[in-house]
Amino acid sequence: VGREHQEGHDDCSELIANLFLFLDGELGESTCADLKEHLHRCHGCLERFGVERAFKDLIQRRCSQEPVPAVLIERIRLTLRSQVL
Amino acid sequence: MLERGPVAVSQPVLSATELQRFEDEALQYTPSLYGAALRMTRSPADAEDLVQETYLRAFRSWHQFEQGTNLKAWLFRILTNLYITSYRRKQREPAMVSTADSEDFDLYASLAHQSEATSSRSAESIVLESLVDEDVKQALTDLPEQFRIAILLADVEGFSYREIADMLDIPIGTVMSRLHRGRKALQKALMGLAAERGLLAGEGKRGS
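Residue numbers (the working numbering), protein chains in the order written: chain A, 1 to 85; chain B, 1 to 208.
Some, not all, of what chain A presents toward chain B, calculated at C-beta under 7 Å:
{"no.": "1", "residue": "Glu26"}
{"no.": "2", "residue": "Arg48"}
{"no.": "3", "residue": "Val51"}
{"no.": "4", "residue": "Lys56"}
{"no.": "5", "residue": "Leu58"}
{"no.": "6", "residue": "Arg62"}
{"no.": "7", "residue": "Ser64"}
{"no.": "8", "residue": "Glu66"}
{"no.": "9", "residue": "Val68"}
{"no.": "10", "residue": "Arg75"}
{"no.": "11", "residue": "Ile76"}
{"no.": "12", "residue": "Thr79"}
{"no.": "13", "residue": "Leu80"}
{"no.": "14", "residue": "Gln83"}
{"no.": "15", "residue": "Val84"}
In the DSSO-like style, the derived pairs of lysine-lysine whose C-alpha atoms are separated by at most 27 Å in a straight line are:
{"no.": "16", "chain 1": "A", "residue 1": "Lys56", "chain 2": "B", "residue 2": "Lys184"}
{"no.": "17", "chain 1": "A", "residue 1": "Lys56", "chain 2": "B", "residue 2": "Lys137"}
{"no.": "18", "chain 1": "B", "residue 1": "Lys184", "chain 2": "B", "residue 2": "Lys137"}
{"no.": "19", "chain 1": "B", "residue 1": "Lys72", "chain 2": "A", "residue 2": "Lys56"}
{"no.": "20", "chain 1": "A", "residue 1": "Lys36", "chain 2": "B", "residue 2": "Lys184"}
{"no.": "21", "chain 1": "A", "residue 1": "Lys36", "chain 2": "A", "residue 2": "Lys56"}
{"no.": "22", "chain 1": "B", "residue 1": "Lys137", "chain 2": "B", "residue 2": "Lys72"}
Here are some of the chain A residues that sit facing chain B, going by a computed Cβ distance under 7 Å:
{"no.": "23", "residue": "Ile59"}
{"no.": "24", "residue": "Gln60"}
{"no.": "25", "residue": "Cys63"}
{"no.": "26", "residue": "Gln65"}
Just so you know, these hints were derived from the structure itself, not from any lab. Here a beta-carbon is modelled for each residue, glycine too, at the ideal position from N, C-alpha and C.
Work the whole structure out from these sequences, hints included.
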């Protein structure tokens with residue numbers, strides 16, 4: 001993890017452990033600020049973060065939602081209607 | 001099932017007004033639910049059945065839905081449970097990508113290697129972007145189920161760890177570990193595909 005540090009930060013691996021939490025919006029505010037501050041200073045970590053974010057973003061864009069067959073919508077509506085008096 | 005109060009025992013009679021409200025609020029999520037169902041079942045016919053059944057169950061429990069809470073998460077919870085309890089049994093897990101050796105996969109390092117070869121920093125994100133949608137979807141679909149569902153719910157649909165833990169009835173730590181391992185496996189599979197497609201610098205045929 002830590003081979004790219006330029007200024008001998010010793011906190012990279014600790015902060016990088018939080019990178020996925022940050023990416024997933026699960027990091028508490030203060031830790032979040034610490035991580036952002038670190039990304040500001042550390043090019044290696046920033047690049048790693050960029051790669052992971054690009055990956056997550058790729059999966060989201062390419063795999064979300066599908067055109068729903070019109071016949072399925074019709075089936076759903078019919079099924080629901082059958083439940084109503 | 002759990003013990004329930006007398007209210008749930010009798011089938012609630014739903015009015016046309018409630019149907020209208022349900023349709024107005026819930027049907028907008030069909031593209032997301034259908035996309036997830038396709039990834040889960042790997043079959044358009046099963047995916048349609050799964051989504052239809054999800055809406056039926058959701059409508060029958062509509063009175064239990066707490067207005068103001070996350071309707072999409074509620075529908076996904078029903079979908080996921082239904083898939084796990086009924087549809088999964090019908091399916092044989094196909095020959096899967098092996099994930100045992102993807103634990104140590106490092107996308108950053110692989111891409112850094114690429115960008116050295118192409119001397120272009122921007123190559124990092126572009127390599128995987130060059131894959132067509134079908135390849136990306138297929139790679140996700142080929143993941144072992146636990147990983148596939150975790151990635152679907154977190155990365156594709158954007159649910160929180162807590163929401164996913166509740167949907168799957170597993171601890172948050174398990175959600176995180178499935179996500180972590182699933183992402184590594186998916187990254188490795190996609191880099192493999194990129195190599196097969198000749199998208200990587202210095203390997204195979206190069207895209208000119």
